[in-house]
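One-letter residues, chain by chain:
Protein chains: 2
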Amino acid sequence: MKIGFLIIGSEILDGKITDLNTKILSEYLRSHHEEIHESMVVRDTKSDIEHGLRELFHTHDVVITSGGLGPTKDDITKETIASFFGKKILFHPDALKTSEDNYKRFHRTFPGKDHTYSYLPEDFSPLSNTMGFAPGFYTKHQNKFLFSAPGVPREFKRMIEDHLFSVISEKLEKTTFLKHVIMRTKYIPEEKIFQEVDTLLWDKLSHYGEVSSLPNLMGVDIGVKVRASSEEELEKKVLELHSIFEKSPLHKNIWGQGRETLEEKIIKLCNLRNIKFGFAESASGGLCSHRITGVPGSSQSFMGSVVCYDEKIKEDILGVKKETLLNHSAVSSETATEMAMGLLEKFHLDIALSITGYAGPGGGTSENPVGTVFIGKAKRGKPVEVQKLNLFGDREILKQRFSQVALFTLLEEVEKFTSSLS
Amino acid sequence: MKIGFLIIGSEILDGKITDLNTKILSEYLRSHHEEIHESMVVRDTKSDIEHGLRELFHTHDVVITSGGLGPTKDDITKETIASFFGKKILFHPDALKTSEDNYKRFHRTFPGKDHTYSYLPEDFSPLSNTMGFAPGFYTKHQNKFLFSAPGVPREFKRMIEDHLFSVISEKLEKTTFLKHVIMRTKYIPEEKIFQEVDTLLWDKLSHYGEVSSLPNLMGVDIGVKVRASSEEELEKKVLELHSIFEKSPLHKNIWGQGRETLEEKIIKLCNLRNIKFGFAESASGGLCSHRITGVPGSSQSFMGSVVCYDEKIKEDILGVKKETLLNHSAVSSETATEMAMGLLEKFHLDIALSITGYAGPGGGTSENPVGTVFIGKAKRGKPVEVQKLNLFGDREILKQRFSQVALFTLLEEVEKFTSSLS
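Residue numbers (this note's numbering), protein chains in the order written: chain C, 9 to 430; chain V, 9 to 430.
It is worth saying that the hints were derived from the structure and are not from the lab. One should not assume that every hint holds.
Which copy? The list can't say, so a pair holds if one copy fits it or any two copies do.
Taking lysine-lysine and the BS3-like style, the derived pairs with C-alpha atoms no more than 27 Å apart in a straight line are [what the hints assert, rightly or not]:
no., residue 1, residue 2
1, Lys387, Lys187
2, Lys284, Lys245
3, Lys424, Lys95
4, Lys187, Lys81
5, Lys179, Lys200
6, Lys273, Lys320
7, Lys165, Lys31
8, Lys81, Lys200
9, Lys121, Lys81
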């Protein structure tokens with residue numbers, strides 16, 4: 009089955025927002041062994057939407073659209089789809105019911121039965137929206153499917169989850185089983201991996217499916233898309249692939265597998281092992297804490313952080329000595345040490361990480377230019393360890409990289425904790 | 009001039025990463041009064057890339073591609089483009105030079121003149137990459153342009169900025185001037201704006217160009233795409249538009265204009281007025297600090313924050329009373345008050361914001377379910393003010409909404425500060 013995705017939204021082409029629905033759709037499809045073959049973003053005009061529909065229906069069995077279903081005058085998806093299929097728009101009792109239910113759910117007054125949400129193209133069926141107001145709809149036409157959902161990511165996601173596969177189930181192929189094996193590596197650039205560290209790796213992996221290499225924050229994600237004709241064959245191939253990675257010299261740089269994020273992995277292990285941690289964040293400006301607290305259940309092991317831009321806060325709250333700041337500056341191994349140690353004690357932690365550096369664009373010295381970061385790691389009863397790195401990028405990327413190195417360091421420590429306890 | 013954007017990347021269709029280059033390209037084009045007409049994402053296969061090129065060249069004057077220029081075997085953009093145009097790939101002395109320069113810049117050893125980066129399709133010209141290693145390239149073919157850049161966003165961005173307009177300048181139209189007027193509103197839902205608050209607004213705005221309404225975090229961005237045949241006419245239309253908004257009852261809910269972010273606006277005003285601020289973040293988990301520290305120059309007025317997930321940290325560091333936590337719980341107006349007051353004093357701030365609530369999925373009470381947040385605002389010599397909101401969404405969205413309300417609250421306060429001083 010070939011699935012095409014039509015994103016209707018001038019706001020994306022105008023850079024006002026970033027498309028998040030491709031990721032949502034692809035993650036959902038993957039769990040059903042399917043994938044997006046192609047996607048297009050078109051403007052909210054009749055001719056552009058029609059062009060997109062024509063183009064995608066030409067080469068796909070299922071076309072999913074997102075966007076343009078709202079109540080304002082720039083929302084013309086429904087009208088355009090109706091005219092594309094040569095259908096009239098009619099009052100639809102089920103659509104009225106769906107829409108009334110949506111309003112009830114949020115305790116908002118239903119605007120009345122003549123509202124646009126009560127109307128649908130002839131022969132189309134409504135789809136309930138449990139996260140918002142605008143209903144979606146679908147139809148089958150010449151053995152192909154059209155499925156239209158709102159563009160707001162949380163509404164799009166829920167509608168896909170609630171309805172997509174029951175709508176298109178008759179077209180699902182049960183003959184191919186698909187799994188993305190992803191190995192997430194750190195610290196070695198893409199070229200070096202395949203040309204120095206393990207020159208045969210790519211070819212070995214290629215026996216099992218399409219290989220991809222995706223540079224990621226301070227690392228590379230290596231993916232293999234494995235296809236098989238049965239669950240058993242798929243499982244066997246995946247096991248063989250894992251053993252290739254285990255035997256590779258790259259192995260010690262693999263920090264994770266699959267789609268589990270760094271922060272999810274950290275929280276899972278810390279919650280399991282009852283490890284309490286926190287951050288003394290200067291250069292990362294709160295990003296480490298934000299990433300960690302994005303994980304449900306993080307409050308069990310993440311106690312808190314101090315974001316200490318001001319030197320006075322480093323002194324007053326973390327206990328960094330005035331002389332240390334004067335003699336070594338705030339961006340130094342000595343300050344990183346005292347920040348981590350201060351946080352460990354004040355917050356009663358098992359592990360404290362400190363991050364101090366220059367995120368730019370201003371600041372920096374000839375010895376420690378913008379991009380320099382010191383990451384301190386304190387744990388109970390042990391001397392603080394500090395690593396210094398010189399990284400590259402603008403302020404946004406540097407903050408991301410600083411936080412990534414801090415989280416890599418935390419994970420390494422948490423894994424040691426685990427093995428020393430087990 | 010019609011510009012099409014071809015994104016070559018299975019990793020986007022597979023949901024491994026989110027496309028950021030559409031936004032980068034559109035923001036760059038806008039500053040030159042141009043826009044992306046359509047974009048497509050295709051997989052890294054020869055047939056899919058060829059299909060995308062054919063489709064976009066059919067209806068566009070300029071096609072920009074991103075992705076697939078790296079050194080690994082899944083990078084096939086250059087070969088596919090060569091065969092699409094019926095060109096051989098040849099050794100190219102300028103490409104070698106460009107590539108050597110790229111390696112020198114990062115103090116890395118050049119892999120040798122036979123490296124893939126020294127080769128280009130016949131009649132193509134190389135484009136230097138000042139943020140990475142893979143050179144881009146361009147060509148002119150039947151009065152249309154092809155411009156190929158790497159997919160890594162920072163490399164893509166720099167290559168576009170360095171080269172795009174000098175390459176396609178001969179096709180630039182000087183006869184149309186374009187400006188997006190964007191008014192950013194808060195707290196009123198989309199439907200209510202146009203059906204209750206100002207029922208004539210949409211039609212009035214439509215006289216000046218294409219109107220759009222984009223729901224955003226806790227608000228709606230209303231855009232008008234104004235076109236004119238001279239700079240003077242453009243300026244006049246924009247002034248008239250502004251006066252429509254000033255006379256609208258919606259006016260008091262407009263918090264900003266254009267693309268300036270909430271955090272940028274806050275930092276600009278605080279730096280100007282010498283206001284020192286910080287956050288006591290529980291439910292927002294560091295996101296307020298992360299957003300603020302993303303702004304260059306934020307260290308002038310943002311002093312720091314305490315991320316206080318643990319109750320002990322609320323007590324020890326912020327001075328929240330044990331009895332307050334016991335009698336009212338950590339998610340209460342009383343705790344929000346003491347958090348804000350504690351931070352104001354300990355951090356020597358002019359304004360301190362506190363955020364405590366339930367981000368879910370667990371937690372919450374019948375009185376204060378998941379989505380409840382208390383935002384406290386403390387300033388010198390005034391009683392703390394607390395607002396309570398009941399918001400909606402999953403953990404990620406709730407964190408975003410909590411931080412947005414905190415930043416709205418901060419901006420309101422900072423604007424009052426401004427007017428009381430001026």
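Here is how each hint holds up against the structure:
1. Lys387 <-> Lys187: neither (39 Å within a copy, 55 Å between copies)
2. Lys284 <-> Lys245: neither (39 Å within a copy, 59 Å between copies)
3. Lys424 <-> Lys95: neither (64 Å within a copy, 55 Å between copies)
4. Lys187 <-> Lys81: between (42 Å within a copy, 21 Å between copies)
5. Lys179 <-> Lys200: neither (43 Å within a copy, 41 Å between copies)
6. Lys273 <-> Lys320: between (34 Å within a copy, 25 Å between copies)
7. Lys165 <-> Lys31: both (10 Å within a copy, 22 Å between copies)
8. Lys81 <-> Lys200: For Lys81 and Lys200, the Cα distance is within 27 Å only across copies (14 Å; inside one copy 53 Å).
9. Lys121 <-> Lys81: Intra 18 Å, inter 57 Å, cutoff 27 Å: intra-copy only.
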